[in-house]
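Asks: Below are the chains, spelled out letter by letter.
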Amino acid sequence: MRPFVLVLLFAMFCPECMIFAAGDHGEVQSQSSITDRSIAIPEWNDWKRVFLLEDYNTRIVIFGTTLLGMAAGMIGSFALLRKRALMGDALSHATLPGIAMAFLIATSLGIDGKSLPVLLAGAAVSGLLGVATILLIRNLTRLKEDAALGIVLSVFFGAGIALLGIVQQMKTGHAAGLESFIYGKTASMVASDAWLIGCAGLSCMLISLLMYKELTLLCFDEGFAVSRGFPVVLLDMTLMGLVVVVTIIGLQAVGLILMISLLVIPPAAARFWTEKIVNMTVVAIILGALSGMIGSAMSAIFPNLPSGAMIVLVATAMFLFSMVFGVPRGILIRKLRRHQLNMKVNRQHLLRGLYEFLETRGLLNEKQISESTFIPLSTLLQMRSWSPMKLHKIVKRAQQDQLVVTLQDDQLRLTKAGLLEAARIVHEHRLWELYLITYADVAPSKVDQDADAIEHVLGPEVIAELESLLVQQSSERVLQSPHAIEIQQQEPNSPRSSSRRST
Amino acid sequence: MNTKNNLTASQPIPLSPEETPVSVYDLTVAYHRKPVIWDVDFQIPSGKLVGIVGPNGAGKSTLLKAIMGLIPKASGRVQIFGKPYQKNRHRVGYVPQRESVDWDFPVNALDVVTMGLYKEIGWCLPVRKKHRARAMEALERVGIADYAHRQISQLSGGQQQRTFLARALVQNADLYLMDEPFAAVDAATEKAIVQILQDMKQEGKTALVIHHDLQTVPDYFDYVILLNMRVIDHGLTAEVFTPENLQKTYGGRLTLLEEATETMRRREQSL
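Quick mapping for you: the protein sequence lines, in order, are chains F and V.
FYI, this note's numbering numbers position 458 of the first sequence as 458, with every residue one higher than the one before it.
FYI, this note's numbering numbers position 62 of the second sequence as 62, with every residue one higher than the one before it.
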C-alpha cells in the first residue's frame, strides 16, 4: 500500500523534483535511483532517527517548522477572517526578486550571499514593495484588488525568475540553492536558521495574542472599530506586517509558491470544527503545528521531496478530513441534518394526512374510534406525491417511534401518542396557513403548499408568536383549516382503492 | 410621540454648542468626485428622537458616516456636543447597518455586544467577567438574553439587529447614531427598538436614526431631517413632515446638479 502511495506522490511532484535535481547537482544521482527502484524506501533506521529526533539538526529543523506552522495558523486565522488571504500569496511571490537581489548585493559586498538573514531581509523588502504596489494600483486607478493582486504576483515572480537566471550566469557566486526558496527545502536549514524562524514565529504569536480583541473587532466590523476610535489603519498594517513576517520565515521551509497554504489551510480546516474564534485559532495552531512537524519529518526521511510539498500535503489531508467529518460545519454532519429534517417533514406529512382523513370523516370526536380506525395506505398515496416504497419507509419509521400501528402492511392507525403529535402538527400547520392568508395575502387555495415549505422549521418561539397573533379564542385545541381539505375532493376515488383492497 | 405638546414649548431654541448633540456645517462628501451629500447644514436638539428620511441613494448612511469621520469630508465641519467627533466619541454609540458585516463570523451574540466595551477595557487586556455581565444586561434590555450564546449567523434578522443595538447600549452613550435599525425586522423587534428609543428619550439621550418607513415617522420621531443630497428641510416632525416637503424629497432629484457632475466626471475620466 505505502509504496503505491509514494509512487503517486512522486508522480504528482515529479516536475518539482526534476527542477531540483537540475539545480542541485548533488541530487542527480538520487534522481536515477528514483527511476530505477521506483521508490527509495527508507530504512528502519531512517524512520527511527527522525521520529526519535536523534539528529540534533533534524530536531532543530522540526522544532522550527512546528513553531512556523503554529504562527502561520494563528496569523492565518485573522488573515482569513479579514478576507486578506490572497494578499499573503501575492506577498510571498513578490519576495523572489528580493532574494535574488539580496544575494547579488551581498556577494558584491563580499558578504556570504546565502546566509538566511541576508536573504530574508531582501525578501521582506521586495515583499513589502509588492504590497505597496498593490495598494498603489488599487488607490490610483479604478482597477479592483483582484486585478492588482494578479499583476503584482506575476510581475514580481517573473522578475525574480529572470534575476535568478542572471545570478546563475555570474561567475562570482555559488548561486545554487537559491531556487529552494521557490519550493521550500528544509535540508539546507541549519540550527541558527531554525532558531531565527522559531523566535520570529513566537513573537508573531505573542503580538497577535496581545492584540486579540482588537484584531477580532477589525476582522468583524471595521466601521464600528473606526467609530470607536481604534486606529484601524495601524491595526490593518500590523496584521499585514505579521503576515509578512510569517511568510518570510516560511520561505525556506515551505517555499514562496506554497507558503499561502500554511496560512490558509489550517484556519480554513479549523473553521469546520467550531463557531468560536478562540477555538478556531487554537485548532488552527494545532493543525499548523502538525503540518509543519509531520511535513518536515517526512522531508527528512525522503530527502528528495521538497519539504514545502510535504507540509502542504499533510495540511491538505487534515483539511479534507475536517471538511468531511468536521462538527458542526463539515459536509457529513450537514447532510445528516438535512436528512433528519427530511425525515421529520415526511413524518409530519404522514401524521397530518392521517389526522385530516379522520377529521373529514368526523371520526375525531371520540377517542376510541379515532384510535381504532384503520386507514388504507392507498388513500395516503393519493394525498402526497410519494412512491409506494417511500411511503412504506416513512410508515415503518413512524411505527418504530410508536406513532402508528400497521395492519397487514396496507392499513394503519394512529396510536395515542401519534394522535397527540398529529394534533399538534395540524395546529401549527393551520396557524402558519392563517398567517399567510392574513398577513402575506396568499390565496386560500394556494396556502397549503406555501405553508408546507416553511412550517417544519418554525421554532417554538415563532409558534408562540403566531398563536398570540392569530388565536383570539383559545378554546380550540386544533384550529379549523382555513381552506377545503383535498381528501374530500378525492372522495370519488376511494371506492376504487377499496375495491382494490378487497381483491 | 408627543410632538403636539412640544410644538409650542420647544420651537427651535438656540442651544449652547456644548448642549447641541450634533451640529453639521456646510458638509459636502464626494465619492470619486461625485458629490453624495451637498452643503448639508443642520443642528439637532438635545434629548430628542431625530429621524433622517430620504429616498435610496440620498446619502443618509453617508451623512452618518461622515459625522463620525468614517469617510473623508470634501468640505464642511461637524461638531458633537460642541467638539470635534474625535474628542467626544465616548459619548456616541453607533449602530451600523445590519448588512455591513459578515454574520458568518465565529462569534456569539454576547461576544459582539462585548465589542462595545473593547475601548473601555483597553489595549492588551482581556475581557473580564464584569464586562460580560454588562454585555448580558444590554442583551436583556433588548430582550434577547436567551440567545446570548448563539452563533450570530443563527440569529434571526431582528435578533441580529438587536445585538447591534445592545452593542451600542452597553457603552452608555449620550448620543446614538443608528443606520436603518428598522430595516427588515420582525414586529417584536420593531416594538423592542421603539421602546428602547423611548427609554433613551426619558433619560435625556438623543438618537439620530435613519428611517425608511414614512408611515411610522410621525409616531417614532420628534424631529425630522429630510435629505436628498442636500437637506430639504429639518425641524419638528409636525411642522416639517408635510406632503409638499416629501414631494420635494422623493420627487424630482437634483437632476441638473447630478447631470453636471456626471458630465464633469466623464470628461475627467476620458482625459
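Just so you know, the hints here were simulated from the structure itself, not pulled from any lab data.
Since we're looking at a predicted model, the values are computed, not measured.
In this text, a Cβ means the ideal position worked out from N, Cα and C, and glycines have one as well.
Hints are supplied without guarantee of correctness; some may be wrong.
As the list claims (entries may be wrong) - Derived BS3-like pairs (lysine-lysine); straight-line CA-CA distance at most 30 Å: (1) V/Lys83 to F/Lys83; (2) V/Lys191 to F/Lys83; (3) F/Lys335 to F/Lys390.
To be verified - Pulled a few chain V residues facing chain F out of the computed Cβ check, cut under 10 Å: (4) Gln79; (5) Phe81; (6) Tyr85; (7) Pro106; (8) Asp111; (9) Met115; (10) Leu125; (11) Gln151; (12) Ser153; (13) Ser156; (14) Arg230; (15) Ile232; (16) Leu236; (17) Val240.
Asks: CA of V/Lys83 to CA of F/Lys83, is that 30 Å or under?
Replies: Violated, at roughly 36 Å.
Asks: The hint names V/Gln151 as touching chain F; please verify it with the least Cβ-Cβ distance against 10 Å.
Replies: holds (4 Å)
Asks: Per the CB criterion, is V/Val240 less than 10 Å away from chain F?
Replies: This interface hint is violated because 28 Å lies over the 10 Å limit.
Asks: Go through the hint on V/Pro106 and say holds or violated, using the shortest Cβ distance to chain F against 10 Å.
Replies: holds (4 Å)
Asks: Is the hint on V/Ile232 kept, meaning its closest Cβ partner in chain F is under 10 Å away?
Replies: violated (27 Å)
Asks: For the restraint on V/Leu125, tell me whether the closest CB of chain F is nearer than 10 Å.
Replies: holds (8 Å)
Asks: Using the nearest Cβ pair, does V/Arg230 come within less than 10 Å of chain F?
Replies: Violated. Min distance 24 Å.
Asks: Within a Cα-Cα threshold of 30 Å, do F/Lys335 and F/Lys390 meet the stated pairing?
Replies: holds (19 Å)
Asks: For the hint on V/Phe81, just tell me whether its beta-carbon gets within less than 10 Å of chain F.
Replies: violated (15 Å)
Asks: Would the hint on V/Leu236 be counted as holding, given a Cβ-Cβ threshold of 10 Å to chain F?
Replies: violated (28 Å)
Asks: Classify the hint on V/Ser156 as holds or violated, based on whether any CB of chain F lies nearer than 10 Å to its CB.
Replies: holds (9 Å)
Asks: If you draw a straight line from the CA of V/Lys191 to the CA of F/Lys83, is it 30 Å or shorter?
Replies: violated (36 Å)
The structure fails to meet hints 1, 2, 4, 5, 14, 15, 16 and 17 from the earlier list, while all remaining hints are met.
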